[in-house]
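Protein chains in written order, with our numbering: chain Z, 1 to 434; chain C, 1 to 434.
Hints listed in this document are in silico derivations from the structure and should not be mistaken for laboratory results.
Treat each hint with caution, since some may be false.
As the list makes no split between identical chains, a pair holds if one copy fits it or if it spans any two.
As the list claims (entries may be wrong) - Below are the DSSO-like pairs computed for lysine-lysine, each with C-alpha atoms no more than 27 Å apart in a straight line:
(1) Lys285 / Lys316
(2) Lys315 / Lys285
(3) Lys316 / Lys84
(4) Lys197 / Lys121
(5) Lys153 / Lys358
(6) Lys335 / Lys285
(7) Lys189 / Lys323
(8) Lys2 / Lys386
Chain by chain, the residues run as shown.
There are 2 protein chains.
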Amino acid sequence: MKEVIYKINNRTLKIGIIGLGYVGIPLASEFLENGFKVLGFDTDEEKINSLKKGISYISHISSDFLREHMNVNFDVSKDISMIKNVDVIILCLPTPLDKKNNPNMEFVFGTIKSISPFLVKNQTIILESTTYPGTTSEEIYPMIRKLGFNVGKDFFLVYSPEREDPGNKDFKTSEIPKIVSGHTSNCLKVGTSIYEKIVNEIVEVSSTQTAELTKLLENIHRAVNIGLVNEMKIISAGLGIDIYEVIDAASTKPFGFTPYYPGPGIGGHCIPIDPFYLTWKAKQKGIETQFIELAGFINNQMPLRVVEEALNLLKKNNLNQNKSKILILGLAYKKDVDDMRESPSIRIMEELERFVLKVDYSDPFIPNMPKTRRYKRPKQSIEVIKDNLREYDLVIIATDHSEFNYSLIKESSSMILDTRGVYRSIDANNIFRA
Amino acid sequence: MKEVIYKINNRTLKIGIIGLGYVGIPLASEFLENGFKVLGFDTDEEKINSLKKGISYISHISSDFLREHMNVNFDVSKDISMIKNVDVIILCLPTPLDKKNNPNMEFVFGTIKSISPFLVKNQTIILESTTYPGTTSEEIYPMIRKLGFNVGKDFFLVYSPEREDPGNKDFKTSEIPKIVSGHTSNCLKVGTSIYEKIVNEIVEVSSTQTAELTKLLENIHRAVNIGLVNEMKIISAGLGIDIYEVIDAASTKPFGFTPYYPGPGIGGHCIPIDPFYLTWKAKQKGIETQFIELAGFINNQMPLRVVEEALNLLKKNNLNQNKSKILILGLAYKKDVDDMRESPSIRIMEELERFVLKVDYSDPFIPNMPKTRRYKRPKQSIEVIKDNLREYDLVIIATDHSEFNYSLIKESSSMILDTRGVYRSIDANNIFRA
Chain Z
1 MKEVIYKINN RTLKIGIIGL GYVGIPLASE FLENGFKVLG FDTDEEKINS
51 LKKGISYISH ISSDFLREHM NVNFDVSKDI SMIKNVDVII LCLPTPLDKK
101 NNPNMEFVFG TIKSISPFLV KNQTIILEST TYPGTTSEEI YPMIRKLGFN
151 VGKDFFLVYS PEREDPGNKD FKTSEIPKIV SGHTSNCLKV GTSIYEKIVN
201 EIVEVSSTQT AELTKLLENI HRAVNIGLVN EMKIISAGLG IDIYEVIDAA
251 STKPFGFTPY YPGPGIGGHC IPIDPFYLTW KAKQKGIETQ FIELAGFINN
301 QMPLRVVEEA LNLLKKNNLN QNKSKILILG LAYKKDVDDM RESPSIRIME
351 ELERFVLKVD YSDPFIPNMP KTRRYKRPKQ SIEVIKDNLR EYDLVIIATD
401 HSEFNYSLIK ESSSMILDTR GVYRSIDANN IFRA
Chain C
1 MKEVIYKINN RTLKIGIIGL GYVGIPLASE FLENGFKVLG FDTDEEKINS
51 LKKGISYISH ISSDFLREHM NVNFDVSKDI SMIKNVDVII LCLPTPLDKK
101 NNPNMEFVFG TIKSISPFLV KNQTIILEST TYPGTTSEEI YPMIRKLGFN
151 VGKDFFLVYS PEREDPGNKD FKTSEIPKIV SGHTSNCLKV GTSIYEKIVN
201 EIVEVSSTQT AELTKLLENI HRAVNIGLVN EMKIISAGLG IDIYEVIDAA
251 STKPFGFTPY YPGPGIGGHC IPIDPFYLTW KAKQKGIETQ FIELAGFINN
301 QMPLRVVEEA LNLLKKNNLN QNKSKILILG LAYKKDVDDM RESPSIRIME
351 ELERFVLKVD YSDPFIPNMP KTRRYKRPKQ SIEVIKDNLR EYDLVIIATD
401 HSEFNYSLIK ESSSMILDTR GVYRSIDANN IFRA
């Protein structure tokens, strides 16, 4: 362990990062900025080629930064055997759900299997992916031990959950306190020694299970609070009360209240998915997770309520559904990001297409909509200009990107369905809420 | 209206406050401090006598303050006919639930009926009680109109929910922004003119329904977040993870997370009750309030879990249940208050008495436990000293009052069941968690 810590302290430690997405790239950049050598791995050839050319695909990491470091102290590769040349292996891999809403751990466990032949003594494996309590100690630890390593002595196992918040410009990776846990106390020491070189504040917890549950609690808290405010929106609408006015008024209470806002549903890689990792684990112990399931139920029905409201609006205005054209503003799952994973906009689009003539979208962050597993028909973003807006019978504001020209949209659209409260204080007879 | 506002501005307006409890007394004191004359009403003879003698029963209002003002610009009375002599009538009355968990509005509506013969032109009625959306416009307004008043012209109707947080020393009534709404725009103007004399910040909302729902949202948000963390405690315990360590670690996230702590259940006059006012109203419209009901379900079962854990502990330690003595520390529903309304401690006591020989309590704020509707056997608080603590087989920490000597309790109790995490970082073999 002393040797490892010595290498960390004089920055001769080589960092390997597997998974070069919205977690891996910012993490790599922190290590690079702090004088470490980083070797990045990804199975996605496009990402590797883009990085090699010095073209960034993560909004807050500049291409200039990549070009400055590429082939100096940063290199990327698809060749996983190179893992034998690094000291620390940080896994920043997706942990999605399978079709039954159970954890799909194939990326994490599959990667560990594929790097197993190339692991050497005194290496450290760190998992950053969000996962259920017990993943590190009950699943990964036995895999490492089987290879003949003595974890805590000649190999180190760390769990330290990523806390990235895409689109949040207030906090860089280095400014977000880092939860660190180790399989043994030596593992914890190694983990802390590494992260304290790149993050201002380390929060050590007593076990990997605690760290795993900490990350889940953060996202469950968010999923439940969004679920609650979505249900409150439904109730509020039923009572003829403006939910945004209520939330804004409640927010003036100087203690005991934190505002969350309703919307057309939830998306992204975290909030719709992570909570069910705990559901799965709790079920194994015969414990229920009722808040998670209720939040999932409410949040999941929100896109369908938007569709219902849209079709109602067409009907009320005597428009022929089959001939109607609808424009969805915002494909990304949240404001000012380019991420459309699990985005409610996709579901709204998909559903609406069953009823109306044409559904288009506009999103400045997503000029081309790629095919996805769910959605097979690629489209191009429509420009938000007067003539285009006039083409549609209904414009749905699904994502409240700052870039949209909301006054132009208000002036030029025949009807607007606002699911984000962007027109909350505006009374106009072409604006409706869902 | 001009006359009313003129009177407000030169402080010749007389304020009548009906209901002299934890809301009415602090409100009266703000008006008194700002040079208004206040006439207080209550049906409780004990309160009237106590106030006349200048003895305060509200912890943060001093008896000195009362004596200074009594018979100068403050008077109290049981005689409701005196209401004809005031300009503003502020109702600070309880809004509890009936046996079926439906709103019990008899205090509010009954009071309005009883003051009706004494109402005169140009008076203002303000309701401060928490209630369901529609109370002011659908129930109180028709009562006033029937009396022949023209609301908004020669009578004013205001809803402005109290936001008192008993035990919170950080905020005086004047420092908490005040939500104000009126049945008409003139009513709103009158309401704002009155409250801006005593509160630093007024938040006007567009309707009484909006103000009613705002207060409910604040308390629903709290009830649901406590329910969530109580469920997380159950899950966490099942996985062998310390929930307090998890919450403390999650709290280091600088955005998107607000810590709530688990406990033996919820109490007080607000959190267990108010949310169901919305449930009742929503049901009338055929709308469900699933988060409220789930939070109620989880929070309600917490006291029973403490009882179960207590009995398990006795069994595990081979103690004869029927001969066991248990001491409950804290009768109040929360830290550092003297309020035992809806307190989970009472329910824990009541349940435990069915199984064990003796259950006593200690609470520095409640030297004598009065008879309540639920609990018929009055008791006296036991002093927390070594010899007393040794008398009991089990000590349950139900309320984490600051005054308790926790190191003495740890040293002198044979077993402790900690429901508040006061010993969260202490490892001792006589301390257990529930």
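Item to complete: Indicate which option fits the pair lysine 335, lysine 285 if close means a Cα-Cα distance not exceeding 27 Å: within, between, both or neither.
Response: Intra 38 Å, inter 33 Å, cutoff 27 Å: neither.
Worksheet item: For lysine 197 vs lysine 121, is the C-alpha pair at or below 27 Å within one copy, between two copies, both, or neither?
Response: Within one copy, since 22 Å is at most 27 Å while 73 Å is not.
Practice prompt. Tell me, please, which holds for lysine 2 and lysine 386 at an alpha-carbon limit of 27 Å: within, between, both or neither?
Written response: Result: close neither inside a copy nor across copies, 66 Å intra and 49 Å inter.
Discussion item. Within, between, both or neither: how does the pair lysine 316, lysine 84 come out at a Cα-Cα threshold of 27 Å?
Written reply: Classified as neither: same-chain Cα gap 66 Å, cross-chain 52 Å, threshold 27 Å.
Worksheet item: Within a copy, between copies, both or neither: where do lysine 189 and lysine 323 come within 27 Å Cα-Cα?
Response: neither (65 Å within a copy, 50 Å between copies)
Discussion item. At most 27 Å between CA atoms: does that hold for lysine 315 and lysine 285 within a copy, between copies, both, or neither?
Written reply: Between copies only: 23 Å across chains, 49 Å inside a chain, cut-off 27 Å.
Worksheet entry | Same-copy or cross-copy closeness of lysine 285 to lysine 316 [CA-CA at most 27 Å] | Intra 51 Å, inter 22 Å, cutoff 27 Å: inter-copy only.
Worksheet entry | Intra- versus inter-copy proximity for lysine 358 and lysine 153 (alpha-carbon distance at most 27 Å) | For lysine 153 and lysine 358, the Cα distance exceeds 27 Å both inside one copy (63 Å) and across copies (54 Å).
Against the hints set out earlier in the document, violations occur for numbers 3, 5, 6, 7 and 8.
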